[in-house]
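Trainee: One-letter residues, chain by chain:
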Amino acid sequence: MATGPAALTPQYIDGRDEPWVMSLVTEYYRLVGCSVRQLKRRLQEPLPYYCPRHKLKYAAAALDETFKASVAYPRKTILALRRRAFELSDGAVFAGEELGLRRSALVTRVCAESNLSDVSGFDRMLFADFPNERRLEEPITEPCFSDIMLAANSTLVRRLVMKSERIELLVTGHVRPVIRQAKLRGLISTIAAPDGQEDYQASIGLSGPLELFRHSRVYGTSLAEVVPFLAGCDRFAMTVVVPSAEDRRSYVIRNGDPIFPKVSVKPFDSKVERQFARDFTRATNDFDLIREPKPLRAGGSLIFPDFAIHHRTGGEPDWLLEIVGYWTTAYLRHKVETLRRIDATRMILCIDERLGAGQNAFPPEARIVSYKGRIDPHAVLAAMRSGYSTPHRTLL
Amino acid sequence: MPSRLAYVLRMHETTPSIEFDRGTIIVDGISQESAEKLADIMTWDPRESVWRAPAHHYIALAKRLRDSFGSVRDMVRNSETPAGHWTSPELRTYQEAALLAWRSAGGRGLVCLPTGAGKTRVALAAMQRSRRATLCLVPTRVLLHQWVKAIKEFYDGPIGRFGDGERDIQGITVATFESAFRGGWWLGNRFDLLIVDEAHHFGDAMRDEALESSVAPFRLGLSATVDEAKAGALSSLIGPIVFEQKLADLAGTVLADFDLACLHLPLTPAERQAYESDYGVFQKYRTAFVSACPNSPWETFVRIAMQSPEGRTAMAAHHRARRMLCFTTKKRELLVQLLDRHAGQKKLIFTADAATALHISRTLLIAPITADVGKVERDAVLAAFRSGKLRTIVSCKVLNEGLDVSDAEVAIVVGGSSAAREHIQRIGRVLRPAPDKRAVVYELLAADTIEVQQSRRRGRAFEGKRKESYGDRAGGANTSVH
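Protein chains in written order, with the numbering used here: chain A, 1 to 396; chain B, 1 to 482.
Since the hints were made in silico from the structure, they are not lab data. Beta carbons: idealized from backbone N, C-alpha and C, even for Gly. Take these hints with a grain of salt, some might be off.
[Said to hold, decoys possible] Here are a few chain A residues that face chain B, going by a calculated C-beta distance under 10 Å:
#, residue
1, His54
2, Ser89
3, Val110
4, Cys111
5, Leu126
6, Gly186
7, Leu187
8, Gly205
9, Pro209
10, Phe213
11, Ser216
12, Arg217
13, Thr328
14, Thr329
15, Ala330
16, Arg333
Please model the complete structure; the sequences and the hints are all you need to start from.
Mentor: This is the structure in structure tokens:
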């Protein structure tokens, strides 16, 4: 993990920036009622106070969320007005010298036909639904500096990650949701026990398949979508490797950095998990389902099961269950070999048929339950009872 | 052990296999020694302990493995033959020649035809004759719907849409570049033929992943103009240029002939003063920068300028000057006169930015087509234009590429960039053929400003056609055209 002297800390907005950020808020208040286009133009011009340009865009992005741009008229009315105005005017308005007079007469007619009493509102209404013509609204609650700071810094980190070629994580506590989210988004995650980092539970590398050949921005969004899940971890250090024209830069983001507006750990990572947990507890009274059991060590890497299935009487060892995201035949073969190597005989893999790229059958020795959208708890119970030689179901 | 099972097991041990994985191909079952012989085409991926190759090398990889091992277990392609029936599109002689050239090149290559010459028709014929699972890539949402409509004329099966909020994949699917870029890694093995409309958008590594993550062995690129600088990259992604016809080759025969008038319009004294003042501020900063960093590209200049208060002031002045030139008083006056003069004909007005398009639309009550206009409204405007209910449309960039605005006769370029491609595409909009048609293109330029240089740069392809006109009065300027 690149946390050496070359690693940089992102230039967050912090307490020192409060004066100019609050002046920017005043500027937004001045523009309430104006169009988004006017706001954009204003932000292009130099502002009357010093503000670091690279921070301004993030603060402005945060304020754009606070000062919503709204459409002041019903969209249906706007569309009807536009259609009628253009139909009536085509070829009529610009014929002849008295352009202004003709236009006024036509606008009056369109307004009368559209039951619009305020003729002077025609121009404001004509494109009122276009994103750049929407009007800034005053926020319901007055924005405070700390909220703007957190939102702006989150945007900064998000954009940094979107430009990155890979991220490297050292994590402790609630690791599994991070890995699961990465897999669901088609990223390759390498998971290992951290080398010489006693404070952390796992070292995770996240990148996309094409990254092997060249830097690609395809995975930027997926990588950025994983970041909010770090908020639920007890402790993390994320190194973001961003290629530039000359070289690569590494930025380190840690827990405690001012980036997460609020921490909310969802009880389940996906709908499939939530449904399975509900269905399984209904299907049997003999077993308890335990979320996020301890990871299994497999040589230098770690395996994070989604559930442990614990027998209530405690008469037999726990079963482990993993819901596999995107998979290929080669991946499954590798997974099954790893499980066999570490003697994890009581592991069930649940595989979504729709997320598979392979056309081959499952490895015959695997304890696999395939599903389409929803895992059948009875199939899992059957897999627990069955022997290795009979896979529950094959794909093709 | 039954002999069949023994055979299968032996195959598994000795035959390499290839499998599609998220826009790449995984090679399994080969020794380190054998793999090293293929190191130019695939790479060891330590993250998953596999050999991996980019998907667009599929054919070459499979061939090399077959040559080395005799056979290969190929689990890559997952395409389904389209279920519908095709009717054969009628082709002109040069379109037939383009198709023949593409097929002779092994089904990989670029066909370069000017706007209005029927590139889509060539693609439809390629799809009809190959009858393979096809993915059509188009640059915008507007074109996605236009392509679906064009395919429907000749194909009666279901047509998938991937983009503009839809994710329906069928044997024949149309996708926007952006959606294919984001979702190519899981679509990559489902199509055998790629049709790439406006292919010149690729080749600069910005969104090339849409093509790199596909295994499709057959690829047809369509474009009006391909930069020489990009030709190499496009050759690797799609194929070489297999057929090319320039606008000048077809104008007056297959395409309508046209007149091009460049009208230099003076600024009012107040505009001149504002322009000189703002442009002077910018020019002073720019001159200092160029003397310090000669040969630096524009992007570097902008990046550095935005880091200092003086630079930001200069850039703001530059934006003000450019905005003012977009629609000067004289341009407005002349535009009104031109619209009056061509009142009975169908006209397209092109502007430099969306704000000017909306300003013209608001002032003269002309229907706009910009990125902000929704699909339903846009379709309604285009339908009204085709039927003759509307005779004028103002647009910024949306009408530049691909969109079918068939019988427009007059183009009025109020503003634009210095890009030759944009200019060629805009002129092409009014060249769709019709009996006895002679199109007219007006370029309105603010005299003695940077617009004149920009116009010369973009208009090099039409040197012989350009008729320059200088004067205070629009009527005087126009007289020389007709």
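Trainee: Which numbered conditions among the earlier hints are violated in the structure presented, ordered from lowest to highest?
Mentor: 4
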